[in-house]
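Peer 1: These protein sequences, in sequence, are chains A and B.
Heads up: the first sequence is residues 1 to 525, going by this note's numbering.
Heads up: the second sequence is residues 1001 to 1530, going by this note's numbering.
Everything labelled a hint here was simulated from the structure, so no lab data went into it.
The beta carbon of each residue, even a glycine, is placed where N, CA and C say it ideally should be.
No false leads were slipped in.
Ranges between beta-carbon positions, derived for each pair:
#1 ASP1312/B to GLU491/A: 54 to 62 Å
#2 ASP210/A to ASP1312/B: 25 to 33 Å
#3 GLU190/A to ASP1298/B: 24 to 32 Å
Selected chain B positions facing chain A (in silico; Cβ < 7 Å):
#4 ALA1046
#5 THR1194
#6 ARG1200
#7 PHE1405
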Amino acid sequence: MSPLWTVFGARRAALLGAGLTSAAAELAGVTLTATAAWLIARAAEMPPIGALTVAIVAVRTLAIGRGGLRYAERLAGHSAVLRCVGELRGRVYDTLLARRTAARDADLLTRVVSDVDATQDAVLRCAIPMAVGLTVTLTAGVAAAFADPLVAAVVLAGLVLTCVVLPAGSLALARRTAAATAPGRARLAEQTADLVHGAAELTVFGAVPDRLRDADTTVRRLARSQRGTAAVTAVLGAGAVVVQAVTCLAVIMLGIARDLPGPVVAAIALGALAAIETTIPLAGAAARWAEVSTSVRRLGELLTGPSAEPSTVEGVRLEVPPGARIGVVGPTGSGKSTLLDGLARERVACGVLADAHLFHTSVRHNIAMAKPGATQQDLDRVAALVRLDEWIASLPDGWDTVLGESGATVSGGQRQRLLLARALLAAPAVLLLDEPVEGLDHAMADAVLADVLAASDTVVLVTHRLAPLAHGFDEIVVLDGGRIAQHGTHEELLARDGYYRQAWLAERMLESGCGTNDPSRTLSA
Amino acid sequence: MIDKVLLHEFPRLRRYLGTLAIFASLTAVLVLAQAEVLARLLSGGASWTLFALAAAVLAVRAISLWWQGNLASRVAARVQADVRSRVLRSAAAPGGAPSGEVSTLVTRGVDAIEPYVAGYLPTVLVSVTVPLAVVARLFFVDWPSALIIALTLPLVPLFAALVGAHTRRRTERQYALLSRLGGHFLDVARGLRTLMLHGRARAQSDTVRRMAGEHASATMGTLRVAFLSALVLELVATLSVALVAVPVGLRLLTGGVTLLTALLVLLLAPEAYLPLRAAGARFHASAEGLAVLRRAIDLEPISVPHKGKRVDARTAVIRFEKVTVRYPSRPEPALNGVSLTVRPGERVVLVGPSGAGKSTLIGLLLGLVEPDEGQVTVDGVDLRDIDLDWWRTQLSWVPQRPWLFAGSLADNVRLSRPDATDDEVRAAAHAAGLDRVFAARGDSALDERGSGLSSGERQRVALARALLRTDSPIALLDEPTARLDVRTEHAVLSGWRRLTAGRTSIAVAHRPALLAGAHRVVRVHEGRTA
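Can you make the complete structure from the sequences, with help from the hints?
Peer 2: Dropping the structure here:
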């Protein structure tokens, strides 16, 4: 059974209750109309007032009942579904946790989160209204059958058209529109990204007008494919009203032909009108289903997929003896970050990795998450070590200042140092650092890194700049194409020809290129 | 819900509303006609003529509904296109609308306009014409019933407004809480790897459920009030049917009213409330669309660069004269009274910590940033008086983080000079050290914006772009080797030397490596030159 069913099934009583209340509300409305019609048509026959008492009481009760039931149903439905969605979030989280590779894909994560929210609509705006519509259809058909089977068949036919046939058409049409507009949407998203993110380049190279013209063409083409289905969609909308009126007229005609009592004909004719009225919005629900069903299917696949995935890091073995300082270098794309990811799977290792996340919570929680029992002294110590103490003190709420979403309110340098502080507080047996001082200027970078190294025991440092590796590193590993190309101490590697020696010489030569090691001495304005 | 600014900015909507008003009036007439025919049919006057009349009314109603629905969808599609073009126009400028917002608006945000234009607007007009027509008709048929409806109808918008205002206040108070609880799941999902790394991921499993539970409770608190307006609407609508039907039924008993009149009252009374219910149901779905339209109006379209003087950059002296630049997001100025002179053919390197204002200096010369105080002059002419389009054709620029555009590698290089021949593009790629990549996939489309390219290769694409402008007298380079390892940096540097040779150049450098070959090194610190 699909895990989605088990999540929503756990609250089936509440969901069923909401559905039944909703059906009761709709039926109360239909019965109100039918009873009122019967009341008036019967009154015209001038019976003793006693014959109308029940109908009068019924009309008054139903009038109040309908609104109350509707209110109760909305609250019950939302409450049950919101709680199901909460449980679903928990399950999805557990699944992502079991699947490490899924946790790496930022786009997938964002999509999963919106998929979970879409299930709310799938239940509240699609499943429940559909079930209620079918209940109304059946109940109205049975009720009419007490008066006359043929008339009941007409009412049932009308309701099936608006409750099943038109929504099915609407669903097919929504899917067709989505398919027709998909290429245009994809192209527009691409052009928008180019215009927005490449704005500076386009402006400087004078390409903005051309690009805007191209984007406008896509926009117009997209609008044309949207308009393409407008005429058919409008047929469905008008069709529902036609079915409603034709059903009502057919009931009147049949009622007269079969010589049914006037009040009964009036009640069924106007009752059918009201019943069909409640099923007209189902076409919209079906169109919405076209949007959310993809989310529901994707979630089902995510939750039922295989949970264990084989390790993807192969071929590189790195011994890290206690107290060792190991440097990892290599050209861009040589597998440095992948190696560190592999090490991070060990329980004893932790640190600053390339995709580290700052949470949308306080500075305190962001750092203390590494060690929940940390004292203020612990926090102050690591903040001072990464030279963030003054910055934190300058924040409006100090340690309790909430960082923006995904750390949007901090600079690149502050972000790196927050992550470093978190890693230092965790004080793992093996500290992993992936370009930990990127985004800091040289002097600050060297100073912070030196302090971090002095305060730590076993360290694995990935860096593109070789200068920090010259002192205090026991072993340096050179990666190339996903494997270890060279390893040894700084001196050993310098003595051999290879990537490290070449890169080191180039760095030395270039860094002293202007004739002095300190560029600031040659400056003039 | 329909404001004047909106109609002024989107004339298409104004014309559409005019047509909708005609349809709404027609709908009112048809509702009255249908009730009339049905009442006559049910009050014992059934005849073929009446059935034919009913069919005719129905046919007109169906055609008018189809026409209106078709028109509504088409207008919605056109308005969506208008908004998309407009938002794109405001975005295609550095410092324009925030990029994330624009991308969302253009792709999915604009979709919200459809429920507003095609769903909500037609019901709003119908909810004016139909109740008016029904009440007017009933006054002639049975004035006590008309009075009941006329008195109860205003209760619906009144209560909706009262409840709406209360809900808004409550939601505003709870907004921070609701968005924090609601956004928690996304935040935790994005940080899942970090949580795993610190061994905190299991503990969050319960937190996710707890926060979702709190979110549900907080949301229910707001909904309990928000649904009240719907409750009032339902109660008024159904109670008035009871209020009309029961007395009319009793008057029938005494012969005070005919069956035809009574049926007409019964059929018309709910019709008065129906459009209000429809508008109310569509109101929430349409609010987002209205917000998108309003946002689109707020976005300023980019200004077209004015035609100004033309200065020959080959012989021009560039002068920054006490230039101060402030960004709205930062309290301190990015540049604070900077003066600097660059002579033709001079190679200047800017150094200094990140955030010191180096990129802003380059941005000023590119015409992407304007000074708040002071001026930048070329040959003594203020850059603001110079024809910017023409000025920019004389610049070769390597940005800090080059953007790779959809298309092939060759397309990306050609961006700086669309008329360049294939040979010229190849030569530029060669000079930038891109030969190997270019030979392998120069003309095939880049997958996912060049995700297969390393950061060094991206930098070299930008270099090739700059090098393609072989005649440009000025080269501007913003940290061309940031984020590269030494070997890659070396490859980029050789391309850089080709670019600066024989040109006036201003380069930003984080690394001492770039100082070689510079005529002058300028240190920028906290918005000042030293």
